[in-house]
Amino acid sequence: MRLKSFFFPIMMVIAVAIFWGFAWPDILVIKKINEDRAKILADLKTVKDKQVTIGQVKDKIVSDADGAKIVNEYLPKEKTEERIIDNISYAAGNANLSLTNMSVAPAQAKVASISPVAIISPETGQPVPAKVDPILKTSAKASVSGEYDKIRMFLDNIQKISIYNTIKSVSISKKIDTTAGKEAIVNDSILTAEVAVDFGYMEPIKVSSQKFDDALDGNTITVLRKYISQKAQPLGVVGGEKGKTNPFLAN
Amino acid sequence: MTTINLHQNKQEESAAFSIKNAGGLLFSIGIVVLVLLGIVGLKYYVPKAQAINENLTRDVAAENVKLVGLKDLEQVVDMQARTAEIRKNLEIVNGEVSRPAMTKILDMVGLELNKGVVVTVLKYEADKLTISFETIGFGDVARQIFNFKSSKNFDQVNLTSVARKETAVVATVEMMIKKTDVLATK
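These protein sequences, in sequence, are chains A and C.
Sequential numbering of the first sequence, starting at 15, is according to my numbering.
Sequential numbering of the second sequence, starting at -13, is according to my numbering.
There could be a bad hint or two in this list.
Distance condition first, Cα-Cα at most 27 Å in a straight line; then the derived DSS-like pairs of lysine-lysine [what the hints assert, rightly or not]: (1) A:LYS72 - A:LYS59; (2) C:LYS138 - A:LYS59; (3) A:LYS188 - C:LYS90; (4) C:LYS164 - C:LYS138; (5) A:LYS64 - C:LYS74.
Worth flagging that the hints you see were computed from the coordinates, not collected in a lab.
The task is simple: from the sequences and hints, build the whole structure.
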């Protein structure tokens, strides 16, 4: 047999070897590049869609400006002690109660407890940071005295104040007179009530990622609007008449 | 005499054989050349395709940065976070506020009290009620505690003190409120 007879199979073997050694790795790389490109294009589409959705949700907020105002007033961006004092005072007055005392102070921040066992995310294997409550609080305490049904109304008014609130404690007792050196109930129908309420506010959210829902919770706004409207509203704090020629005189 | 034809058509045979072999040779070389051209093409295409992907990745990153920096996004996320916190605080379920209402709690206590029982102190803190009350006799205290224990509104009823004072028997009871029965809007 001549060597020429082997030429074709030899060349085929060489061609296959070259293809396998040099072309196949590049084909695999191209396959990977195409997969990556499909993923990147999908990401790009998602981002573009998000931009459109943000515009739509923003339009919804703008169209319901009153709802946005109610939300921003109910959970304000900063401390509103003046509104708290005004609303508590109004709640007592509206219930025909005598407001004997009130205190308003920033709530003590909770000290984060250090867990002996760190929580590790099963997905990333990294320690999970503790969730921080975004609500900052102002504690208010109010003492009122009056009849039972008025105190009941006062408590209802307090809960429906148009500022984010949580009643921490309530103590209702008969009014006791200790002036004569001996404890004595002043009047059977007159009670004293001490209420501790936490009012909340939330600083503006800093956007660090694109995670957001594509809808606005209109249901919560509707319920909130209905809930706070069940109570008579105070007139709102205005600065009052300004300007004095002598600051050391009453008038 | 037998003649033997020793003439061999050597030239014709060799010509036919070389054409045949040359065709096979060209075909074989052609395959190798095609493979080599293909490799050259791939070597040219791969960096180009990678560069396109890198550009697209940069575009996505730029769009994301643009998105994060959007004032509209900040406003949307802020509003969504506020409504979520309000929903949590008011415990809104099925369009109704379901956090415990103080009036409802007071009404529940009133409903469970026997005649002749007078509450002197009522304290509420974190779903726990502490009630001090006066009665004429110990039997009334027992009946009142039974009422609290059999109430569908209260749980973990615990008598902390009972004693006869000057004019009445004074008892103090602690109990937890069953939250499901305390809807604010009802």
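Evaluated hints:
no.	hint	result
1	A:LYS72 - A:LYS59	holds, 20 Å
2	C:LYS138 - A:LYS59	violated, 55 Å
3	A:LYS188 - C:LYS90	holds, 20 Å
4	C:LYS164 - C:LYS138	holds, 8 Å
5	A:LYS64 - C:LYS74	holds, 26 Å
When held up to the earlier numbered hints, the structure conflicts with hint 2 and nothing else.
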